[in-house]
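Following the hints, put chain G in place on chain P, whose structure we already have.
Number of protein chains: 2
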Amino acid sequence: MFAEILTVGDELLTGNTVDSNSAYIAQRLTERGYWVRRKTTVGDDVGEIKTAVREILARKPEVLIISGGLGPTHDDVTMAGVAEALNRRLVLCDDCLERIKAFYEKLYREGYIDDPGLNEGRKKMAYLPEGAEPLENTEGAAPGAYIEHEGVKIFILPGMPREMKAMLENEVLSRLGERKFIQRKLLAEITDESKLAPILSDTLQRFQVRIHSSPKGFGRYIGIILFGEDEETIEKAKRFMEERGIRFEEGW
Amino acid sequence: MFAEILTVGDELLTGNTVDSNSAYIAQRLTERGYWVRRKTTVGDDVGEIKTAVREILARKPEVLIISGGLGPTHDDVTMAGVAEALNRRLVLCDDCLERIKAFYEKLYREGYIDDPGLNEGRKKMAYLPEGAEPLENTEGAAPGAYIEHEGVKIFILPGMPREMKAMLENEVLSRLGERKFIQRKLLAEITDESKLAPILSDTLQRFQVRIHSSPKGFGRYIGIILFGEDEETIEKAKRFMEERGIRFEEGW
Chain P
8 MFAEILTVGD ELLTGNTVDS NSAYIAQRLT ERGYWVRRKT TVGDDVGEIK
58 TAVREILARK PEVLIISGGL GPTHDDVTMA GVAEALNRRL VLCDDCLERI
108 KAFYEKLYRE GYIDDPGLNE GRKKMAYLPE GAEPLENTEG AAPGAYIEHE
158 GVKIFILPGM PREMKAMLEN EVLSRLGERK FIQRKLLAEI TDESKLAPIL
208 SDTLQRFQVR IHSSPKGFGR YIGIILFGED EETIEKAKRF MEERGIRFEE
258 GW
Chain G
8 MFAEILTVGD ELLTGNTVDS NSAYIAQRLT ERGYWVRRKT TVGDDVGEIK
58 TAVREILARK PEVLIISGGL GPTHDDVTMA GVAEALNRRL VLCDDCLERI
108 KAFYEKLYRE GYIDDPGLNE GRKKMAYLPE GAEPLENTEG AAPGAYIEHE
158 GVKIFILPGM PREMKAMLEN EVLSRLGERK FIQRKLLAEI TDESKLAPIL
208 SDTLQRFQVR IHSSPKGFGR YIGIILFGED EETIEKAKRF MEERGIRFEE
258 GW
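Protein chains in written order, with the working numbering: chain P, 8 to 259; chain G, 8 to 259.
By construction, these hints were calculated from the structure, which means they are not laboratory data.
Heads up, the beta-carbon is just placed ideally off N, CA and C, and yes, glycines get one too.
Errors might be hidden in some of the hints.
[As the list claims (entries may be wrong)] Computed spacing ranges between beta-carbons, pair by pair: (1) Arg95(G) with Tyr119(P): 54 to 64 Å; (2) Glu155(G) with Glu127(P): 43 to 53 Å; (3) Ala109(G) with Arg254(P): 24 to 34 Å.
[Stated by the list, open to error] Here are some of the chain P residues that sit facing chain G, going by a computed Cβ distance under 10 Å: (4) Trp42; (5) Val53; (6) Lys57; (7) Gly78; (8) Thr80; (9) Asp83; (10) Thr240.
[Stated by the list, open to error] Covered stretches of chain P, going by a simulated chain G footprint (3 or more residues, C-beta under 8 Å): (11) 10 to 18; (12) 24 to 30; (13) 43 to 52.
Only chain P is shown next, with the shape it has when bound in the complex:
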């Protein structure tokens, strides 16, 4: 089960915004047992989005989550880029338009905006790639979209973290099945890093776990994350490694 993440936004490519969205999405996918194999970031450009989506689809992930570029401004073009990548038209979603209308009327009544009308930019947000299922945005105006395309589940989410997170929780995870992965972080005290590699390989062969390691400090500690479907499997894998001479401390 492998997944990819595509984040869209010029502000990510100028470094004005740190891409915390993709880390959040990656974490939730990993918990569900998905292996996120690659993350890509492109700017607000129809051609760049189209190219990146096609490249990702060619790698045949089970899931592709796209975040960013759904708003009302001229450079919010993600739906158009995805539609082009899939050779689909953008079509008006009537329900979406109703919701967008209601959203701006509410903002108007509450005094946030001067004009509740549906100008071009606001109306644009109601256009989704043909055949897409709209995903409800409980925190903002722009709906998301869910598209199954040649075996790939594609989810298109907003870039505003609050909107993205709510849509991911409410609309995406429920469509990804029930399997869950848990993780446990350990600190391995080890004075020779080269002894660790064969022990990790053995563990991976014997147990249904995934292991990530990264150095903490200079050589004395290695941070280990054990991923598995339940506590018991993780505990067994941990004990196996301890029997081979690794000393663990919990957490880091």
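Chain G alone, transformed into the frame defined by chain P:
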């Protein structure tokens, strides 16, 4: 002048670490007038790194900056992945080995590690793709590498932010020439977003600037970043937009 960034690390793909490195690198490149067109993240896997590097080189950026995966542990394989992508061997850099030795001897004298010796993991860090120029790591053990390959300037930097930043400042930016871009952040008050697009297009045609926009709040404000080579150009572009009816506030 376009650039790409590749970050390497399993921890980025599980969401355990937010990729702040690529934002930092993007910011420094943008200030130098580079247009970062794409960011990619892959895991600690020779095959994945090789594939990603080849794809990036095929797009012919002027600069490719790679960060992560240079350490002593078994899953630090970035140099091997890049070497494979470029069809080069990994060769021992004698100077690098001397520095690494001195680094661990210092840590030993200061009581951070029990064994100052050069085990396999530590020695591995002295192997760079053939023809690469080593980049000094003032903050850690692993040297970086600079390679010119078919017109692309490739820089390979560590993943630890402190080490990456020092190497970027000391070893990379000096190799990228002197041109500088500055940026100015403005808030545009606008009640109809659709009026903004043609004004931005006109501005881009007349002035040597780049413009990024993103919504701030719901519809009343648009955040604008103006990039240009000097204050005067930016000021002129700003005035041009004001004459066409945009009201600006400074900063956001």
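Quick rundown of the hints versus the structure:
no.	hint	verdict
1	Arg95(G) with Tyr119(P): 54 to 64 Å	58 Å, holds
2	Glu155(G) with Glu127(P): 43 to 53 Å	47 Å, holds
3	Ala109(G) with Arg254(P): 24 to 34 Å	29 Å, holds
4	Trp42	8 Å, holds
5	Val53	14 Å, violated
6	Lys57	13 Å, violated
7	Gly78	5 Å, holds
8	Thr80	5 Å, holds
9	Asp83	8 Å, holds
10	Thr240	17 Å, violated
11	10 to 18	holds (count 3)
12	24 to 30	holds (count 6)
13	43 to 52	holds (count 8)
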